[in-house]
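Fit chain B with the ligands to the given chain A structure using the hints.
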Amino acid sequence: MNNGTVENTPTFIFQIVQEKFLPGETVKAVLHAYQRIGVETSNRILALVATQDSYAVFSFALACDKPRTFSDLVVDNIFPIDKGFRMESEVRNTISVLGFSLSSSQSARKSTFYPSHPDDADEYTSFKLLVDDIFDYKVRTADTYPQAIVPPPFDDDESGTGGGTTTDESGFFGSEKEFSWLARYRREDDLLAIDRCIADGSKPLLKGESKFQYELKKHEHEYIINKTYRIYCATWNVNGQQCNATNLRPWLAASEDPPDIYAIAFQELDLSPKAITLSESRPDRSVIHNIMKSLHEGAQYEELCSVRLVGMMLTIVVKRSIRPNITRCEKQSVGTGALNLMGNKGGVGVSLTLNEDSLCFVNSHLAAHVSEVQRRNEDFNEINRRLLFSTQDISNHDHIFWIGDLNYRLNMTSDEITDYRVMLKFDQLNIERAAHRVFENYYEGEITFQPTYKYDPGTDNWDSSEKHRQPAWCDRILWRGDKIKQIVYRNVMKIQLSDHKPVYATFLADIKTKDEQKYKRVHEKILKRVDKYENDNQPQITVEKTDLDFEEIKFNEEYFRDFTVANNCHLPVEFSFKEKTETDMRICEDWISIDPCYGTLITGRSLSIRVKIHIKSETVWRVIKKQGNHIGKIPLDILVLHVKNGRDIFITVMGEYKPSCFGLPVETLCCLDKPIVDMQWSELTEIQMKSTTEPFKITMPREIFLLIDYLYRVGMQEINLFQLERSFKVNDNINEIRDWLDSCGAAEEFPGTPHTAAEALLMLLESSGNPLIHPLDLNVLNPDYPFELCLRAIHKLSTPRKNVFLYLTMFLHEFIEQNRNANIEVIAKLFGMILIRSSHDIHGLQRKNFIKRFLSRGIFNFARNEFKYS
Amino acid sequence: MAKKTYDLLFKLLLIGDSGVGKTCILFRFSDDAFTSTFISTIGIDFKIKTVELRGKKIKLQIWDTAGQERFHTITTSYYRGAMGIMLVYDITNEKSFENIVKWLRNIDEHANEDVEKMILGNKCDMTDKRVVSRERGEAIAREHGIRFMETSAKSNINIDRAFCELAEAILDKTSGKEVNENLERVVVHRQGQEKAPAYSRCCS
Ligand SMILES: Nc1nc2c(ncn2[C@@H]2O[C@H](COP(=O)(O)OP(=O)(O)OP(=O)(O)O)[C@@H](O)[C@H]2O)c(=O)[nH]1
Ligand SMILES: [Mg+2]
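Residue numbers (numbering that gives the first Met the number 0), protein chains in the order written: chain A, 0 to 869; chain B, 0 to 203.
Next up, chain A with everything else stripped away, as it sits in the complex (with noise of 0.2 angstroms):
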């Protein structure tokens, strides 16, 4: 069970039971308790409320484990004080409470609880004594005051149940008026209740199964009937006679009706010392067969089980055509003889489930002799305590029948008095539970038959030894249980055998059923409102917008766009960007990113993601794969928003491309007629098809020859021109560059430094797709392969890349010559990086010395005009 009920000081939850209610609402008392569900168990606070002229006890369920406000509190359920109300508690012994009942006429079932903290009795005592105080004195204000009587609303499945309430009308107090103040507490449907604690996540929601378990549990009165049952029992103290000639029609067969059940106890069947040390628990299968013989005959029977210690016996028979209704069955015994362990003294019990509800049944021989009454008591707290079922004790059961020879005697010495209604007054058994010091809460029928103890065996006279013992009830039959009504309790006069005479009791039992047809529709109800809970609970994000619209989008820019997120339902929500595919872990294209990527809202919040493209040389070749030949915006990408345990939302981000001659390819460069700013992505697609097979119009594209051209003019003795760190990546002198070479700009002024110059070659020829030397032929990274073939296979590359590369590393050779400052090892490093991008795995050393070499050797006799633009 879970103990860890509320931890806050008692005075901070009764303020904010307090606050629960209207002022003129007070709150008395109240109480920490938990309720069993199905398995489970759940915390729950009683408030004892009052108004000016009703009262009531409140049922609150906990949102959460340590309330910190009214919110966290639900109402349950409400027992008003009406005259139908009970608190009932169930008392192991005379401190610890174990558990109590609340009902009411208002309220259909009987709610069981159990106090949180057992072992402070003080709670549960002051709480119960002031219900107790208020109930006696609503019940003697309604005597003297008679009011205008209105018949409470009873259930129809729970009227005409025996035993416990009374459905008397005169005198009720408690009036729906009275009453009116509770309809506002009163929630048909808590179901879908906002529950602070699971909004900010500190309590997990229900998952659909436990959910639907409380759901049934919770509409069990819906399809739970009540269906009665004859139950039998009968006691005898056989004396260790043999029992299995002689007849017992007359004890087992005397009910009018075939009854249902049939629990049978037998005491002193074996009083040999062998059986005792042995603790015999083999059951007496003569015994049986001859009990088999004489039940009723009007329906067939069978033996459900049977359990054994020593002398005693209990034999449960039902009728063959329940046996089925009965799911469960286990048996249990308990020795309270010398030591409390011997078996001549102690009980045996079965337990049993019957449709809906448990039955217990308890043979108990109790201690002897007339001055032992405080160790009857006592070995009826220690079956109590030790008589445990796989999940339950005797008191835990809807049902409970104890029989047995409970030996309570008479305090009487003389034996002159002879009428037994007088000689009842002194039953020691009669005595003890008036004190409420054993059976507290079982109920026993009228004894209406002479004593059961003890005879002359063979006749009916009292006891002729020179003992001469007091004539005394040993025998009886005792039950606990709202729903029993007793219809016969008798002794068996004609069966002499033993000292003890044969006793017997019949009941009629309302044990629940499940009504199949109600509950199949509750069920299928149930499982409807499970569904919708789950599917209501989904965890949801809402978002401003689901495109991204970034519009036109350039190379080397940042550009960003902000949304907001929002938590709207009432449950925490966690997300994140999805990774797209199971073979594309990437939440989103390179060139875009995502802040942040994951988070937690709780209900309420909302929070701004920012996108941000930024499209750099190293991956603007895939932007323009991605925008083919479409004009205008197109969907850049689709991120994918995730809710755990919910649904994803898709956000496109929109863009237009703009070309520029950054990331196109050297030859299409090679092709264009007119200033990239004004051309389509469908020309551009068009002329790279094309430019494969058609004649370029130019040797080498213009921008690398204006960027070197500007170099070679104002740079050459420009100090750290290139460096392998690279400090330029946004720079507005960069994409004043960008824009200067896309618009043809040659006619105006070079926007930028030498500096600036040096970094946007160093792009534009890290930016296409395919390195400048592409394809590559593996030999010329062999520092051993002649020069020749090494230059050969530059020309073997396509013209345009032939003539960039020479010009190119013309210029470094000329560059490095007139700069002292000029380091032929950073150049070629920097260069081979970026001219040889293999896939292969190619030492950086071997492309270094691959470029080196071009840089060192002063063999290049052609002059400089040879690639001049025209």
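Since the hints were derived computationally from the structure, they do not count as laboratory data. Mixed in with the good hints, there may be bad ones.
[Said to hold, decoys possible] Rough simulated footprint, nothing fancy, chain B against chain A, three-plus residues with beta-carbon under 8 angstroms:
| hint | region |
| --- | --- |
| 1 | 579-588 |
| 2 | 626-639 |
| 3 | 648-655 |
All C-beta atoms in this analysis are idealised placements derived from N, C-alpha and C, irrespective of residue type, glycine included.
Just chain B with the ligands now, kept in the frame of chain A:
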């Protein structure tokens, strides 16, 4: 001792062109409601619905996908793990019917090999606007050996039945031991959709 509420969980998927009525079909099945305003699904949605088949409680988790063209590559990544796929077209929209072949190809490429499929010709209430005859729908289903039904989310025609039939087909497949007994029925199902009686007891 508490009985398990759900015996099985089946994951189903709804696919098809935008506007054919996938979301409406799901909404009808889960909430028994219909709206005529069209809000195109931008993402993936799912709903739970528990049905009872052959005494077993089966929890269906039904995923509704976005039908718009631009989401196609993304939605295919949701096919994996689906145990049943409803492929929906609109009987008033020729294009959506023609695309069935394309959707089937998508299923072949991306879904589990043993996924149960079913073709639904939706909006069968709109008889005056019909452009795809029932026969054509049956023909394409037969050609591919797939179940077929005409449905209407608006008039609640065959919606429950379609889901239960698909679930039952999955059940046949999953409950391997009972296969012998059910094998015959599975084959019968493949003939077309005129064998209603076998399903009369589900999802009433
Ligand atoms: N007459 C009629 N209209 C329907 C039916 N089912 C859906 N519609 C209408 O068709 C339109 C589209 O329905 P949706 O269910 O939103 O379409 P969808 O397939 O989910 O579309 P996407 O989410 O874009 O993939 C809506 O206007 C619906 O009202 C039907 O059975 N009969
Ligand atoms: Mg949709």
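Each hint tested on the structure:
no.: 1; hint: 579-588; in the structure: holds (count 3)
no.: 2; hint: 626-639; in the structure: holds (count 3)
no.: 3; hint: 648-655; in the structure: holds (count 3)
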